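Chains E, H, F and P, in that order, are what the protein sequence lines are.
Our numbering puts the first residue of the first sequence at 1, with every later residue one more than the last.
Our numbering puts the first residue of the second sequence at 1, with every later residue one more than the last.
Our numbering puts the first residue of the third sequence at 1, with every later residue one more than the last.
Our numbering puts the first residue of the fourth sequence at 1, with every later residue one more than the last.
If you are wondering where the hints come from, they were derived from the structure by calculation, not from laboratory data.
One or more hints might be untrue.
Treat identical chains as interchangeable: a pair holds within one or across any two.
As the list claims (entries may be wrong) - DSSO-like cross-link-like pairs, simulated, lysine-lysine; straight-line CA separation at most 30 Å:
id : residue 1 : residue 2
1  : Lys158    : Lys29
2  : Lys271    : Lys141
3  : Lys47     : Lys279
4  : Lys141    : Lys162
5  : Lys274    : Lys36
6  : Lys162    : Lys271
7  : Lys241    : Lys158
8  : Lys36     : Lys271
9  : Lys240    : Lys36
10 : Lys152    : Lys229
11 : Lys152    : Lys96
12 : Lys7      : Lys241
13 : Lys162    : Lys279
14 : Lys141    : Lys7
15 : Lys162    : Lys96
16 : Lys279    : Lys152
17 : Lys240    : Lys47
18 : Lys29     : Lys229
19 : Lys162    : Lys29
20 : Lys152    : Lys7
Computed from a prediction, not measured in an experiment: that's the story for all the values here.
The primary structure of each chain is shown beneath.
Protein chains: 4
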Amino acid sequence: MNTFGRKFRVQVFGESHGEAIGVVIDGVKAGMPLCKEDFMEDILRRKSGAKGTTPRIEADEPEILSGVFEGHTTGAPVAIIFRNMNTRSGDYDSLKDVPRPGHADYTAAVKFEGFNDPRGGGHFSGRMTLPVVAAGVIAKKQCGFAFSACLKEIGGEKDREKWPDLLAMTAREGDSLGGIVECRIEDVPAGLGNPFFDSVESLISHAVFSIPGVRGIEFGDGFGASRMKGSEHNDCYPLKKNGAGGVNGGITNGTPIVFRVAFKPTSSIAKTQKTLNIKSGETVDLNVPGRHDVCFALRTPVIVEAVAAIVLADMA
Amino acid sequence: MNTFGRKFRVQVFGESHGEAIGVVIDGVKAGMPLCKEDFMEDILRRKSGAKGTTPRIEADEPEILSGVFEGHTTGAPVAIIFRNMNTRSGDYDSLKDVPRPGHADYTAAVKFEGFNDPRGGGHFSGRMTLPVVAAGVIAKKQCGFAFSACLKEIGGEKDREKWPDLLAMTAREGDSLGGIVECRIEDVPAGLGNPFFDSVESLISHAVFSIPGVRGIEFGDGFGASRMKGSEHNDCYPLKKNGAGGVNGGITNGTPIVFRVAFKPTSSIAKTQKTLNIKSGETVDLNVPGRHDVCFALRTPVIVEAVAAIVLADMA
Amino acid sequence: MNTFGRKFRVQVFGESHGEAIGVVIDGVKAGMPLCKEDFMEDILRRKSGAKGTTPRIEADEPEILSGVFEGHTTGAPVAIIFRNMNTRSGDYDSLKDVPRPGHADYTAAVKFEGFNDPRGGGHFSGRMTLPVVAAGVIAKKQCGFAFSACLKEIGGEKDREKWPDLLAMTAREGDSLGGIVECRIEDVPAGLGNPFFDSVESLISHAVFSIPGVRGIEFGDGFGASRMKGSEHNDCYPLKKNGAGGVNGGITNGTPIVFRVAFKPTSSIAKTQKTLNIKSGETVDLNVPGRHDVCFALRTPVIVEAVAAIVLADMA
Amino acid sequence: MNTFGRKFRVQVFGESHGEAIGVVIDGVKAGMPLCKEDFMEDILRRKSGAKGTTPRIEADEPEILSGVFEGHTTGAPVAIIFRNMNTRSGDYDSLKDVPRPGHADYTAAVKFEGFNDPRGGGHFSGRMTLPVVAAGVIAKKQCGFAFSACLKEIGGEKDREKWPDLLAMTAREGDSLGGIVECRIEDVPAGLGNPFFDSVESLISHAVFSIPGVRGIEFGDGFGASRMKGSEHNDCYPLKKNGAGGVNGGITNGTPIVFRVAFKPTSSIAKTQKTLNIKSGETVDLNVPGRHDVCFALRTPVIVEAVAAIVLADMA
């Protein structure tokens, strides 16, 4: 199902090249000021155009269909849509029988028996993260915590000064890069979450792994904790270090929630790749058409914030 | 909530030193052969006594209360309980005001306003993974896939031959170790899972992070994928390598699902630690009483399998 | 929450006089033919204009935003919106402090702290049944059962020939009428439903009571069963009579599901009514402006079918 | 699924003649005093032995397995079991191929492919209402509202003085009677519930229709409302009459919630009935063995209260 949450519930819909994509957010508190402008900062952070991201220009303007009256939320579901402007179906028609490596073309075709919308990945497109970001804006308002995510690594490189060269070089190679995003959530009270099965980490990882291209998540000391001694990893009281990432026994301890997310390199690359023609059974050469992000991870910090905010609005 | 699943639903209950711990499994298919003996192999894999795990001896014998008639499941909920035999309340009484570093003592007290059962971690005890393992046994039967998890690292050491010495040395230091478990799931058909928000990775990570002590999870190439080029990470068709861990766009692709889980070192250590007396506000020295696992990760492979099986039984 | 269902999930949104009302339907099977025209029959059955219903003319034209590609469902969520054309906010402004008897004006204001959209009942308007009817169209296709609901009584009168006079007379009095709708669902296989807590009757009644104005529901012999002997009420095998309404122990028995729904008289009447000015605390005379259905129950059979279809699509 | 609720979640399990029946209640507030004695009043109200109910004597003693420590709820799930003492499997063996009219024997066998426990109705037994009553006790404590249900009619007879004769006469005939229960819930604040699809009536009816033998439910003026004029049925402000049963637009208005539930006559009767031998296909005479309630509705008021309390604890 394309839904998350029990009390603050987010339902996304749409396809990359269909009429519109959108989201319905249910469980929004009544009386919060909300207008179109509130969405623009986060939408711009996610938007096309940054170095290393694709030049597809979309208005990305949210249309609020419901749940807001005289500039305030009404308590009824908030529906927001984004019209798809710049749709170029032609680019994708040839791909129907030739699944792109790293994409959902093949699995979507199996699951939906070939009826999935193949244009631009359809419902599986990274464009679907746009309504998620919109829902995140409302979630942030509603829970009131401070979310800040940023990219820490590109292609394993931590030094930001080297990123432009790395991106440029990889673009010239017709290849792509992944990255690691770190997210901190501050001002979270102690006591949120549950031991089984709805720990804070359970819910955050659930939401994070719905972002296309995530390969891993770790909290606090993360995978590094598995190589530490108990005496090193344990957070003694009063809490100073934060090896646990702000959560003990699934429940927030009042220190910031900290986690890192590993994004794979962009699947669409200019380099020729091998794939299978599903109809004929032949192995073929594939050149993915269109222009694509060298490193889509550049756009993801605001998406990570959004899904984390959706989780915390649902728990708070 | 202490529940997981929609179609195959698992509800756990109990406290480490209460009357009994247990689980209700709803959505079990009618007509599967099931008896007490079916549980013993997995229960033994999890059980106390292995090198590096605590000597607490519990019968760990499952009592099936419902849902089975004449040796077969009936389609009604299966309830299984485990009586707690070896309860030593006295060991834990002093801890009420002195939260153990790394444990849920503090967060549980905040969340439940001091009414949580403090004996042995109460509902937050690692003992709660026993009913989860029992649910996993039924889940494995129901989905019919092949689950195999094993420990790949202890304290960062990959060479199994060095583990006994490492464990012994760490025990002498009064300290503890973490580890990394890898889980493979084979015979999974293509087409399970959903793009938003119920990807296979979302659901597996949700369940995995309910196991006490998990710090991270990664699928396929995992965090390593963030350091690879697209041309290296992409799985070309026909699928041979498995950088994606068996999942594209949240949906299984028919290759094995592969993921790794990072466990922290055991929180309870013999070494003296600093903590806070919550009542007095003083920093105090703490010596956690009782005998504890040097490396509880040794017991976790079967628990990882169990939660993965619960997820897949719910999806299949 | 404004959602129903687990596998076939319906999320409604919108306000009577907002931008648009709509629905997202998740869990729609891929590959079903679906186009705008498929909705028109049921939309017309619900539409304004029938004798005894209000003359408000809306285009009521569905706009399918997602989930359909080349005339077939894709397996992704189907979003459908209806633009609100004929919005006359002015009619309702005065009502903000003066709740209309029988309406949700007062309870909505309490729940949403005065931020609810008051225009035409806002999210509580009977107009919200339009997207529900649209969802019902898809649900009927998906489950493939035969739904037929019709009005059996108006104002206690069973003789249809007397209805026109009764409606005309009540209109002249400035008053309104209720009615009883009977729904039959045929071609339902035995075995759907669950004993606790998701019996067929539980789920159908849950959905039916979300239709504004429902006061009661009964299955098979219904309230009459409470006055029968066991020997009269029991359905002997092979099943001929249907005192149980097609359900035993919460599970369909293969005979038609039959239930009746009681609708209250339209709340908005021309007659002057007493109410309270919430601000001043004074009792005041209220004349509800606008023209309203004498008997909105006339429109409800297709709505009852729709919610029943949503339930069965979710169970099937 | 055998579960109800999102925040206050009730999971039942067990079979009439199995090891034990029971319930897990999750979402119980920490810190409420709770002991075995708290359950006895409601358990006795439901218990066997009243005039017109069966003489089966069970200890019906609750065993609290978890969630309570030092006399207070801990915030962890509360599991309660009831051992089955007086099991007489022999009584029911012959029924396997011969479904009893009015019971779930046939539908259970279809749904669970013959693997359902047939002894005494198995999981479909009225005995399953015992753990529901136990959950109701906790629900009542948690929400703090005042629930009072009582039987208003037996076999259509409203005069209580005539009930003993009616029951005795029907017993002599080897037949059975139904009844109508009215439930009032007082001290409920305005503002609980939701318009779509989780109206107060939706949730209460959902829970009520999980009680075996319910044929109908109505709120406030109920089916009678369909025969009233709007001017008669509307509740004017300030609220005095309660035609709406305490709910407008799905949301409580602060007056008592009032509803009535129709129970069918007991299905098991001494009179010979016709049924089908499923194996042979022959119509046969059936004499249901054992002694049964003439009117099981006599026991149901406390069950109706329990499910209503579960609903309100989940909403509050």
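Here is how each hint holds up against the structure:
1. Lys158 x Lys29: Neither, since 40 Å and 45 Å both go past 30 Å.
2. Lys271 x Lys141: Intra 43 Å, inter 44 Å, cutoff 30 Å: neither.
3. Lys47 x Lys279: Neither: 36 Å inside a copy, 47 Å across copies.
4. Lys141 x Lys162: So Lys141 and Lys162 fail the 30 Å test inside a copy (35 Å) and across (52 Å) alike.
5. Lys274 x Lys36: Answer is neither; intra-copy 44 Å and inter-copy 41 Å both fail.
6. Lys162 x Lys271: within (23 Å within a copy, 44 Å between copies)
7. Lys241 x Lys158: Both: 22 Å inside a chain and 28 Å across chains, each within 30 Å.
8. Lys36 x Lys271: neither (40 Å within a copy, 42 Å between copies)
9. Lys240 x Lys36: The answer is neither: 40 Å in one copy and 44 Å across copies each exceed 30 Å.
10. Lys152 x Lys229: both (26 Å within a copy, 17 Å between copies)
11. Lys152 x Lys96: neither (36 Å within a copy, 40 Å between copies)
12. Lys7 x Lys241: neither (32 Å within a copy, 33 Å between copies)
13. Lys162 x Lys279: Neither way: Lys162 and Lys279 sit 44 Å apart in one copy and 51 Å across, limit 30 Å.
14. Lys141 x Lys7: For Lys141 and Lys7, both the intra-copy (15 Å) and inter-copy (23 Å) Cα distances are at most 30 Å.
15. Lys162 x Lys96: Answer is neither: 38 Å inside a copy and 52 Å across each miss the 30 Å cutoff.
16. Lys279 x Lys152: neither (42 Å within a copy, 40 Å between copies)
17. Lys240 x Lys47: This pair counts as neither: shortest intra-copy Cα distance 37 Å, inter-copy 35 Å.
18. Lys29 x Lys229: neither (45 Å within a copy, 37 Å between copies)
19. Lys162 x Lys29: neither (44 Å within a copy, 48 Å between copies)
20. Lys152 x Lys7: neither (32 Å within a copy, 38 Å between copies)
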